[in-house]
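2 protein chains.
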Amino acid sequence: MAIGKVAIVGLGLIGSSIARAVQERLPFASVSGHDASAAVRDQARELGLCDGIADDPAVAVADADLVILAVPVGRMAEAAAAMAPGLKVDAIISDVGSSKAGVADALAKALPHHIVIPAHPVAGTENSGPAAGFSTLFEGRWCILTPGVDAPVDAVAALSGFWEALGAKVETMDAGHHDMVLAVTSHLPHLIAYTIVGTASELEEVTESEVIKYSAGGFRDFTRIAASDPVMWRDVFLANRDAVLATLQRFNEDLTVLQQAIRRGDADKLEDWFTRTRAIRRSIIAEGQDDPAPDFGRRH
Amino acid sequence: MAIGKVAIVGLGLIGSSIARAVQERLPFASVSGHDASAAVRDQARELGLCDGIADDPAVAVADADLVILAVPVGRMAEAAAAMAPGLKVDAIISDVGSSKAGVADALAKALPHHIVIPAHPVAGTENSGPAAGFSTLFEGRWCILTPGVDAPVDAVAALSGFWEALGAKVETMDAGHHDMVLAVTSHLPHLIAYTIVGTASELEEVTESEVIKYSAGGFRDFTRIAASDPVMWRDVFLANRDAVLATLQRFNEDLTVLQQAIRRGDADKLEDWFTRTRAIRRSIIAEGQDDPAPDFGRRH
Numbered sequence: 001m002a003i004g005k006v007a008i009v010g011l012g013l014i015g016s017s018i019a020r021a022v023q024e025r026l027p028f029a030s031v032s033g034h035d036a037s038a039a040v041r042d043q044a045r046e047l048g049l050c051d052g053i054a055d056d057p058a059v060a061v062a063d064a065d066l067v068i069l070a071v072p073v074g075r076m077a078e079a080a081a082a083m084a085p086g087l088k089v090d091a092i093i094s095d096v097g098s099s100k101a102g103v104a105d106a107l108a109k110a111l112p113h114h115i116v117i118p119a120h121p122v123a124g125t126e127n128s129g130p131a132a133g134f135s136t137l138f139e140g141r142w143c144i145l146t147p148g149v150d151a152p153v154d155a156v157a158a159l160s161g162f163w164e165a166l167g168a169k170v171e172t173m174d175a176g177h178h179d180m181v182l183a184v185t186s187h188l189p190h191l192i193a194y195t196i197v198g199t200a201s202e203l204e205e206v207t208e209s210e211v212i213k214y215s216a217g218g219f220r221d222f223t224r225i226a227a228s229d230p231v232m233w234r235d236v237f238l239a240n241r242d243a244v245l246a247t248l249q250r251f252n253e254d255l256t257v258l259q260q261a262i263r264r265g266d267a268d269k270l271e272d273w274f275t276r277t278r279a280i281r282r283s284i285i286a287e288g289q290d291d292p293a294p295d296f297g298r299r300h
Numbered sequence: 001m002a003i004g005k006v007a008i009v010g011l012g013l014i015g016s017s018i019a020r021a022v023q024e025r026l027p028f029a030s031v032s033g034h035d036a037s038a039a040v041r042d043q044a045r046e047l048g049l050c051d052g053i054a055d056d057p058a059v060a061v062a063d064a065d066l067v068i069l070a071v072p073v074g075r076m077a078e079a080a081a082a083m084a085p086g087l088k089v090d091a092i093i094s095d096v097g098s099s100k101a102g103v104a105d106a107l108a109k110a111l112p113h114h115i116v117i118p119a120h121p122v123a124g125t126e127n128s129g130p131a132a133g134f135s136t137l138f139e140g141r142w143c144i145l146t147p148g149v150d151a152p153v154d155a156v157a158a159l160s161g162f163w164e165a166l167g168a169k170v171e172t173m174d175a176g177h178h179d180m181v182l183a184v185t186s187h188l189p190h191l192i193a194y195t196i197v198g199t200a201s202e203l204e205e206v207t208e209s210e211v212i213k214y215s216a217g218g219f220r221d222f223t224r225i226a227a228s229d230p231v232m233w234r235d236v237f238l239a240n241r242d243a244v245l246a247t248l249q250r251f252n253e254d255l256t257v258l259q260q261a262i263r264r265g266d267a268d269k270l271e272d273w274f275t276r277t278r279a280i281r282r283s284i285i286a287e288g289q290d291d292p293a294p295d296f297g298r299r300h
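Line by line, the protein sequences give chains A and U.
Sequential numbering of the first sequence, starting at 1, is according to the working numbering.
Sequential numbering of the second sequence, starting at 1, is according to the working numbering.
Among these hints, one or two may not hold up.
One copy or two, either will do: identical chains are not told apart, so a pair holds if it fits within one copy or between any two.
As the list claims (entries may be wrong) - Heads up, simulated SDA-like pairs for lysine to any residue below, C-alpha to C-alpha not over 20 Å straight-line:
| id | residue 1 | residue 2 |
| --- | --- | --- |
| 1 | K169 | E208 |
| 2 | K269 | R75 |
| 3 | K88 | G4 |
| 4 | K269 | L245 |
| 5 | K269 | E171 |
| 6 | K88 | L245 |
| 7 | K88 | A267 |
| 8 | K88 | S283 |
These aren't lab readings, by the way, just hints derived from the structure by calculation.
Please model the complete structure; the sequences and the hints are all you need to start from.
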């Protein structure tokens with residue numbers, strides 16, 4: 001299956017990055033776009049993000065071989081219904097949502113006669129909107145596909161090839177397992193970061209100005225992901241509630257154990273724990289999933 | 001008070017960075033060094049970190065106008081006692097420990113007849129050891145001095161001037177307040193990061209290999225500070241126990257509130273919270289305390 005035309009619905013950080021990557025890396029493909037916000041569509045036109053930006057999603061997806069929904073996971077059903085009248089009968093419909101089981105259900109219900117293959121490129125920055133995207137965002141990052149058991153093999157291969165052309169590495173797994181894996185590697189970290197940044201900004205004993213001044217002691221690392229898009233993340237937690245709450249319970253258990261070790265002055269337990277966690281970072285760098293430079297390569 | 005000779009006891013990340021910064025920015029000062037580890041002393045000699053490295057701490061500090069203890073906070077008393085016989089009577093003794101009230105007590109007890117001015121440069125990376133240091137580590141970062149009420153004004157001014165010469169901005173505060181501020185901006189973030197990295201690596205449902213592969217979803221941000229020196233951090237939590245436990249309780253309250261919002265599907269509460277936390281990062285960047293580039297400026 002050849003992908004000659006790609007349509008992107010939702011032109012925020014991820015959608016605009018896909019558009020830029022297609023323009024740069026797939027010169028023989030055309031790319032059309034739509035966003036529910038007129039202001040975002042105007043901005044996308046000014047940025048020249050696609051070959052064409054349509055006001056009507058059904059027009060944007062007309063003739064597209066691949067349609068990618070890049071909207072918050074809570075808006076997938078609505079976005080799918082709005083574009084449905086324009087879809088080619090054999091178009092591949094995919095998405096970029098951070099939770100997959102709920103999205104798979106919503107898309108299957110909204111588009112019962114189409115080929116739906118949910119996907120999740122594990123990449124991003126803390127910035128939002130069409131101007132935040134860049135063509136190399138997916139380079140060396142993983143894109144997880146969660147095709148249903150009845151997904152056509154050639155369509156899955158075409159979608160894999162598309163993401164590989166954008167520089168990503170592709171993995172396939174069950175939607176439920178995806179949601180558990182991402183609860184750990186992405187959703188829980190965001191929840192924790194959002195929590196601590198809120199906590200720090202509301203203490204009576206320490207002013208917000210002090211928190212900001214002395215943030216280089218570690219706090220600033222958390223503020224990056226706590227600056228991520230609020231609507232996107234609200235939807236992720238609601239969509240992946242069970243897996244998030246399950247991993248949160250495990251986190252709470254471990255935090256209670258360390259809290260007790262601090263209260264009791266159990267030096268060995270603390271040192272053991274802190275020694276074990278060092279190894280994980282080395283593996284992440286060895287796998288090419290983070291910058292080997294100290295301090296993420298921040299300028300000093 | 002002129003500082004013509006600086007002695008550094010402890011040649012890890014911070015001590016070696018001070019040595020390099022003195023060599024680069026204070027060409028008329030000499031700098032001597034000592035480390036309790038013979039291997040570290042050898043490495044420091046190979047790196048040319050100081051004008052001289054002494055095997056005996058009392059020899060290293062002889063004639064020094066300023067002595068900086070850059071050892072884990074649990075080892076301050078021992079390090080102070082070991083060098084005491086070599087100290088000039090009017091030397092300024094300082095340190096770089098991440099908690100201050102306990103260190104102030106330990107140094108006052110170990111060196112009752114000397115000028116002790118505790119200090120804390122709020123800077124660092126996840127790397128440890130003499131080779132990890134670099135001369136620009138303190139540039140634009142804050143160094144907090146916590147002089148006791150009887151500290152000579154000219155000695156405090158001399159120490160301030162020293163840190164400013166190394167590129168730091170200097171603030172003075174009470175040791176107890178320092179420990180509360182740093183519990184929020186540094187110690188709690190490290191504890192949370194150490195916890196979640198441990199949690200993620202021990203789940204049955206998700207393999208460690210999956211955690212590493214998909215870490216770009218947010219988890220990898222936490223692994224950086226969870227790769228920090230285990231002994232240093234063990235000592236920080238033991239030394240600043242009360243403030244850490246107090247801020248941890250506040251964090252736990254907030255986490256419980258967000259957990260309940262997720263369980264109940266309270267979309268508005270989640271979105272409100274996530275919107276507020278965005279502003280903090282903008283302030284940190286505006287204050288020059290983090291890199292304005294997306295994703296900390298990581299290479300993409």
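Going through the hints against the structure:
1. Proximity of K169 and E208 under a CA criterion of 20 Å is satisfied inter-copy only: 18 Å between copies versus 41 Å inside one chain copy.
2. With identical chains, the CA atoms of K269 and R75 are at most 20 Å apart between copies only, with a shortest distance of 18 Å across copies and 46 Å within one.
3. In the homo-oligomer, the alpha carbons of K88 and G4 lie at most 20 Å apart inside one protomer (13 Å), although the nearest pairing across protomers, at 79 Å, exceeds that limit.
4. Taking the shortest alpha-carbon separations for K269 and L245, only the inter-copy value of 17 Å comes in at or below 20 Å, while the best intra-copy value is 26 Å.
5. Taking the shortest alpha-carbon separations for K269 and E171, neither the intra-copy value of 37 Å nor the inter-copy value of 34 Å comes in at or below 20 Å.
6. Taking the shortest Cα distances, K88 and L245 never come within 20 Å of each other, neither inside one copy (39 Å) nor across copies (59 Å).
7. Taking CA atoms no more than 20 Å apart as the test, K88 paired with A267 passes in neither setting, with 64 Å inside one copy and 35 Å between copies.
8. Taking the shortest Cα distances, K88 and S283 never come within 20 Å of each other, neither inside one copy (44 Å) nor across copies (48 Å).
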